[in-house]
Amino acid sequence: QTLTGKVTNGADNTTLPGVTIVEKGSTKGTVTDSDGNYSLRLSSPQATVVLSYIGFVGQEIAVGGRSVLNVALKEDQTQLNEVVVTALGITKDKKALAYSVTEVKGSDFTQARETNVANALSGKIAGVNASGLSTGAGGSSRVIIRGNGSLNGNNQPLYVINGMPIDNTTPGGSPTTNGSGLNVDRGDGIGGINPDDIESISVLKGGTAAALYGSRAANGVILITTKKGRAQKGIGIDYNSTLMFDTPAVFPDFQYEYGQGDGGVKPTTQAQATNWGRRSWGTRMDGQPYVAFDGLEHPYSPQRNNIKNFYQTGSTFTNTVALNGGSENINFRFSLANVDNKSILPNSKFNRKIANLNVNAILSKRLSLETVAQYNLEQATNRPSAGDAPGNPNWAVYMVANTVDIRQLSPGYDANGRETQWNETPYASNSYFVVNRFQNNDTKNRFIGQANLKFNILDNLYVRGSVSRDFYNFRSVGVIPTGTVYTANAAGEYHEINSSVSETNSLLTVNYDAKFGKNLSLNAFVGGNKRIYSVNDTYIDGTQFIIPFFYSYTNLSSLTTRPVNQKTATNSIFASADLDYKGIAFLTVTGRQDWFSTLSPQNNSIFYPSIGGSFVLSQAAQLPAWISFAKVRASGAQVGGATPDPYILNQTYSMVQGGHDGRPLQQVTQSNGVNLVTNSSLRPLTSTTYELGLDMKFFRNRLGLDLTYYNRKTTDDIVRTSVSRATGYQDVLLNIGQVNNSGIEMLITGNPVKTRNFNWNVSYNLAYNKNEVVKLADGLNTIEVASSVGSWAFIHNAVGRPYGVIKGYTMVRDANNNVVYNTSTGYPQRSALTELGQGVPPLTMGLSNTFTYKNFSLDVLIDGKFGNKIFSTMDVYATRFGLQKSTLPGRESGLPVSGVTPEGTPYSATIPVSGLRLYYDNLKNYTDLFLYDGSFVKLRQVVLNYNVPAGVLKPLRIQGASISLVARNPLILFRNTDNFDPESSYTNSNAQGFEAFSLPRTRSMGVNLMVKF
Amino acid sequence: CDKGFEQMNINPDASSTITPAYVFTKAQLDALNNSYYSTGVLASGGSIQHFATYKDVPAIGDKYYFQQGTYPYDFFQNGYPNAVNEISEVIRAVSTDASQVNLLSAARIWRVYTMHRITDLYGDIPYSDAAKGYTQNLFTPKYDTQQAIYADMLNELDQSVQAFDATKTTFGTADLIYGGNIDRWKKFANSLMLRLAMRMTKADPTSAQTWAKKAIAGGVITQDSDLAKINYLASGQDINKNPYALSMRNSDYSPGNGNDNIEGGKLARTFIDVLKNSADPRLNVIAVVWNGSTADTTTSLQRGMPNGLLVKPADFKTYSEPNPVTVLKLDAPVLVMTAAEVNLLLAEAAVRGWYSGDAATAYNTGVRSAMANWAQINATAGSISTAKVNAYLTKNPFPTSGSTDAKLAQIGSQLWVTLFPDEQEAFASWRRTGYPALTPVNVTGNITGGVIPRRLLYPPTEESVNNTQYSAAVARQGANLLTTRIWWDKQ
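Chains as they are written, first to last, in this note's numbering: chain U, 401 to 1413; chain H, 233 to 723.
Treat the hints with caution; some may be incorrect.
[To be verified] Per the computed footprint, the stretches of chain U lying under chain H, defined by three or more beta-carbons under 8 Å from a beta-carbon of chain H, are:
1) 1038-1050
2) 1101-1108
[Claimed, not checked] Distance condition first, Cα-Cα at most 27 Å in a straight line; then the derived BS3-like pairs of lysine-lysine:
3) 424(U) / 918(U)
4) 461(H) / 400(H)
5) 967(U) / 374(H)
6) 1412(U) / 1354(U)
7) 374(H) / 1175(U)
8) 364(H) / 1175(U)
[Stated by the list, open to error] FRET-style restraints, in silico, Cβ to Cβ:
9) 699(U) / 674(H): 33 to 39 Å
10) 871(U) / 391(H): 45 to 51 Å
11) 700(H) / 1308(U): 35 to 41 Å
12) 483(U) / 239(H): 41 to 47 Å
Source of the hints: derived by calculation from the structure; they are not laboratory data.
Built from N, CA and C at the ideal position, the CB exists for glycine as well.
Only chain H is shown next, with the shape it has when bound in the complex:
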């Protein structure tokens, strides 16, 4: 009496088997396309005073307000079912076949990239139990300590690099970043290892040193030609467009007149002041002031809006906002890991004595790369002349003879500018280095007691549906507050 039932139960619109390459491509896109506006701009960018808004609701980073919305949870909630689950599915599909080892290594590295972005925001997170809902029916995943997560991520990078085999097949064009180039994947993995190592400078300097040295020895991205990026298109589906640009346009800057910004956003005074005071030529690439319907990049016009405003300022229109042809360019690539960042980290490693190269050289190379990166975004509007770069380096020389703190301050502050618009990484970098020193706003009614946030909040659904594990994590790490410091951020 059940004839034909099995056939009836086959979905005509789906495949019963995975094509790992197609899912890998999706996982690459999804790792970057995760709530950029709420997590990147509002929470991270607001906290480190790159962005400002006069409104209340979007002021999670600007004023440490949380009136409504899902801003502090979005990255967690969207991250796992998309990028994390997808990359885990890819790993599951290719891990049993030795001929697919290069696919496996690339996937493992990408999983580390995906997971570190989550733990850096929240601290302890489900890691070893993550994305096991289907494979193991594990529905209440435990939270691992961030320390354990870091240890495992570094091991994963190390093992993945070792496992690459040049004689075997790769993802090829399905790999949006390197088109399957193994050497570049190794550099990317080592650069990520360096980033993670440096993240531990406060919490575990010994391990930080060990891993930093290992990463550098393995070979990191020092040339712009090796940088990791994903290219996008100006049209097509939303997923085809630069997710940073798209979400900023959609959520705030679409009116394009400087006055009707939907969420009242502008570039922050702190950020613009730093760029102006240092005569940073990136100012004219990043920022515009609307003059009628013209986006004007003139230096003298640029001014940032103060954080912590409660009412729309009368001169709202005159504040700087992201440049529509660079920061908001839909077919610009997203830079995942750059030679600029790596060189600046090398400079810091040199200052700490973990790298034999010269700190000033690495710093200067980093700054030149950082300037050059904008030409990746827009070859004309983003192009910064060598003369301008030289002038900038002359005006802001690396303090070779200065104190260690002064050197670290210079590097940290440079990272704070260079990483823009990767606000999540900039937020992590700022929390670790403490540079530049930012003055928090302290507006009535804020939820941190006038302290800049140190992490984001676990989603309420975790307390609702994963209560035991959530409670254990909170008991261990500290209350689920914006002010609780995560492991690598311990003072």
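Pulled out of the complex, with its shape left as it was, chain U reads as follows:
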């Protein structure tokens, strides 16, 4: 018995693709194709089918023996049936929600794809600050929801797939702000999820939404629902292919008037040219031949194309095939995806293969099973390093003197394999040597398995048990090769990381539904969760290869291995009750108790509640006709948390491998290579959120407004912070005072034009977050989060100030704003350490437009962030080396400077041309000179899509096909940084606000092809 038919929009008779049709009481179902047609095998001619489609009133229709059933759906004016996925994978009616949840469809990620799906959230959701890093295709993301609540703990949200958490750690840790060598970003957990497998993403922003997830949900939760199989005739095949090309997007605006040299003189010998490899303090460029560092004569002319010449066009080729199929009682979806990335950095590559299998089965009348199994194989070759100069391939490309063609540095090594030094210091690596000789390869094997068994005891009572495990095995081998001049004896270094990490969750819930009378219904559940997180790492670090070029750790003159073996657990019990009064008023109450293994038994448990309610005004009262829908909501919740690391309660002692000359050696156990003051009195932290919201729709849903105010208070935050080394320790763990975040989020959606052929949808989101560090620990009024190379700038959290302020130095000035000079050195006096700006943007926005004309659609996404400052390390160096335009004054006849002496008498001097370099070099001491407004507006994404008409496809037996032209980050519409992209962060750690020679940000263009068979 097969039922066929067409589904249309009752209002205008247009066909509706994607309408879900299921046979009631079975798993049989299908969706309409691009022309609105469907075909469904029924188990009985007398079956009832249920049609549902977002934005339309659902229908239940008794088939009554018909074989053709055409249905016209009615638009749902109140969007009553819009459901979203919430905590623990429970779907809820959106109007019942007492908090803000934003859902994004998976299709939004597949056309203009980012390799890391988290980056694609950028600009899409109010209050979600997603920033991709400048670390290449296999790199991490940093997603911050409603501001940074923790002063330096994890601020990123919890990622949950089909109701179960996954691991999102970065193997080997995040890159540091002033690290060198192999200071690379080795990717995070969310980067291993294939966008094509995603049905939808729900973002639970506040603690109220996430309270059921407990401790790790304090920063919000990103819920990912993967695609499931569907019952259908034969096997459905979906194929999606994307090819994208990347090129550097921002080029520094350096000076090209005075060339390589020093003291107004150009090099005359090879030795001089090498010593002055990064000095653009020569004479006026004249195009005449001069001796460059390769010993040959080259014209003394500007070399403006070093970035274009060094970097290559990167490419990312992504292919996903998904098979769908199933029968009455069992259905499946199996997908295979391959991402092949070639970085803009030569010899740097990334490959990711993902196999994902989803099987759903009805085992008996009462028992059903859902399973997901995913296997990832991720391989990265030569991930780019950032931070300080040693081993950073990007550094020389920018800093080489402005008359030197970067290609002169190629291949970067001599006949003996020794690095060709291009400048005075061995620590500024030769870019070609790094890309040609450094080895930095990692492989991640990851398995995610989930099984979910549901047993219906009664029609309104069921038990559900879920087990999930996210396990990865990671090996990274970094070779700083023989011949690297900054390493000891130029004999290289070896760094290996072997890491096995698993996150295992077992969840059991008992759910109960009941109706009391006609108007009141209850949904309640109780449950428990056990989470075990385990880390087994071995770090192998050694120096000096004994036999040159033989890169095994058996061939090192000095070698240490460091074990990290950790197991932590969190046990939880929780309960939730939802009450619904006539679909008008809703109340949700939850409670959860956690026990943490990482805290001392006296302090290891915390209970926290949440309560929320919503009221649908438009149902309860007669509102003016132009208001289609109105709802108010309010909620409050608390979430507790603990330190993620074990062994932090009491000081322990570790042996130093090998001892000394037959004597054992012991030292205080280190944590990440430094001494940490352990703390046995740590208490769980709490994060308390209040949220108020208003949800309205006007003019037959053509205009929508969603407003949220929230206030989030984090107390007893567990913070790891730097302390004076004179304490005997570098870091300390403390429960620290209080941090407040409050803000507003606004979402406006509109459908200004809607005709038969042309449709325009617009969505604008805006979020403002106000953040204040209210209190730190006794005796501490500021803590340091990070410091830049050279300690030229710091990031602090200070009492009374917003999260992450940038501190640094300025020139001392007198009351009349005259610079005060130290007369014996001739340099301006440097101020004490002072606050200079805020490193995190408080204001973010996104504007999305979708235009549809017949089979064409055009998506345009613009986003912006405002109000933060960035300290640019590159600008410091560019000033010191004479590349910056600001270093032009004084080049011909010296630079007159004037101010006052410390005693207040006038001071003036002329810096001779011969002394200009050191004068400008000294400016590094005044942080404010290199601080920029980080605000920007970017054209984030443009997608032009063409749906191939069904008439063309039918003869080819193709159900649907589309082709898109895609541009990611094509234009920066506004920025205040001349020489770099304001989004140049290279770490997903909390140290935000520094720029430092990361891989250039790219603009990507490409094409996407989707075919369904």
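Given chain U's structure and the hints, the job is docking chain H onto it.
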């Protein structure tokens, strides 16, 4: 619901209790293995013109440049979390048990040794509040005045010596310096007391005299057999190798051809000229010139590179650099405190009338010990014949009939040579005595106004995370500059 949690929270790779002997050994190694290249060679050795470099970045001592790096802070930053914290942990572990009194005394003496190296570089430093992060949760340690630190260090030495008890146990072989020998520890403590006492000759001559006399009366290291040293190995982990030799090799002299020195370093002209002009036989032990791949010790070839160069000189290869088989020998011992130094200090004490012995005798004994010390480093290449020593002493006799200044100049200049390669101590000694008189370089753009540095800089993190205490110290001692004089260096 928290069953098994405590067990889960026990680190399988660490011990919950300290083994004091093992940590003591580590503290001994770490006190010497602290940023030797940056602090010893570049900052100290450059300032006193033992070492030179034509480059800019490493020229903190050579040209009084500070373009980049952490050279002026390294000793402070590495010192506290390693040697200072370790020795403090040892003291904490053994201080409550009377049977461990010899362990406690050795640890207290070693703590003084460790701390004096820090205060001599920086002046006022966290001392009484130091290394109390874990035990007292003291996270913003105050800076003590150097005067108070010196007073306490001298008391500590005195009390530790008194507390030794020959009937009780010692660190034994865990003590790399003396293998637990109490008598030698007493001599070491008294010698350190003498060093600290003499350090105060400018700032507090009265106390200097009192403590010098006390030290001498207690018995100091006068024989080479009593000198304090730590032995190293040629292979193994980095920590097993001579930290001076290893860091100089790793950071600068590994190419071993005289031309490609990574940081452009050489021995300084001032140093080589003094050795040559005085016909000092140590010249041939310390310095080599590379002739192809041969390290040549011939006297006539030796020449030092001038300080303050801005460009690599064309004849860079022809300048002297440290001898790979002595100064750069990985399994050479580090000499912590020698009879040579002590005898020279005794000579000075005699000149000042604080010591009843004869100044010239003490001076000559000191010089002979200083020459003999190189045989400790390398028994063949470092061996200096008695004839050569005699010839040297004949050519450079102690000015017995000269003025006090002339005598002090001779002793100070001898210390300047003798203490090499303990550059930190040589830098402190030079700042105190003023000898030999050095001519500063004054290169455009330097940060001292052409004055030889008198101290190193507090780390920027102190201003960042310990601001109140740091600011109080700076307000008291003077701006955090290379030119600010510390307490014992006040003119």
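Taking the hints in turn, this is what the structure says about them:
Check on the segment 1038-1050 of chain U: 4 of its residues sit with their Cβ under 8 Å from a Cβ of chain H, so the three-residue criterion for coverage holds. As drawn, the segment 1101-1108 of chain U meets chain H at 0 residues by the rule of a beta-carbon pair under 8 Å; below three, the given contact is violated. Straight-line distance between C-alpha atoms of residue 424(U) and residue 918(U) comes to about 23 Å, which keeps the hinted pair within the 27 Å bound. Only pairs whose Cα atoms come within 27 Å are accepted, and residue 461(H) paired with residue 400(H) is accepted, the gap being roughly 24 Å.
At roughly 38 Å between alpha-carbon atoms, residue 967(U) and residue 374(H) are farther apart than 27 Å, so this suggested pair is violated. Taking the CA atoms of residue 1412(U) and residue 1354(U), the gap is about 11 Å. The hint holds against a cut of 27 Å. A threshold of 27 Å between alpha carbons decides the hint, and for residue 374(H) with residue 1175(U) the separation of about 22 Å falls inside it, so the pair holds. Simply put, residue 364(H) and residue 1175(U) have alpha-carbon atoms about 23 Å apart, close enough for the 27 Å limit, and the pair holds.
Distance hint check for residue 699(U) and residue 674(H): the Cβ-Cβ separation is about 37 Å, which falls inside the suggested range of 33 to 39 Å. As the Cβ distance of residue 871(U) to residue 391(H) is approximately 58 Å, the hint placing it in 45 to 51 Å is violated. Taken as a hint, the range 35 to 41 Å holds for the pair residue 700(H) and residue 1308(U), whose Cβ atoms sit roughly 37 Å apart. At roughly 44 Å, the beta-carbon separation of residue 483(U) and residue 239(H) lies within the given 41 to 47 Å, and the hint holds.
Hint compliance for this structure: hints 2, 5, 10 are not met, and every other hint is.
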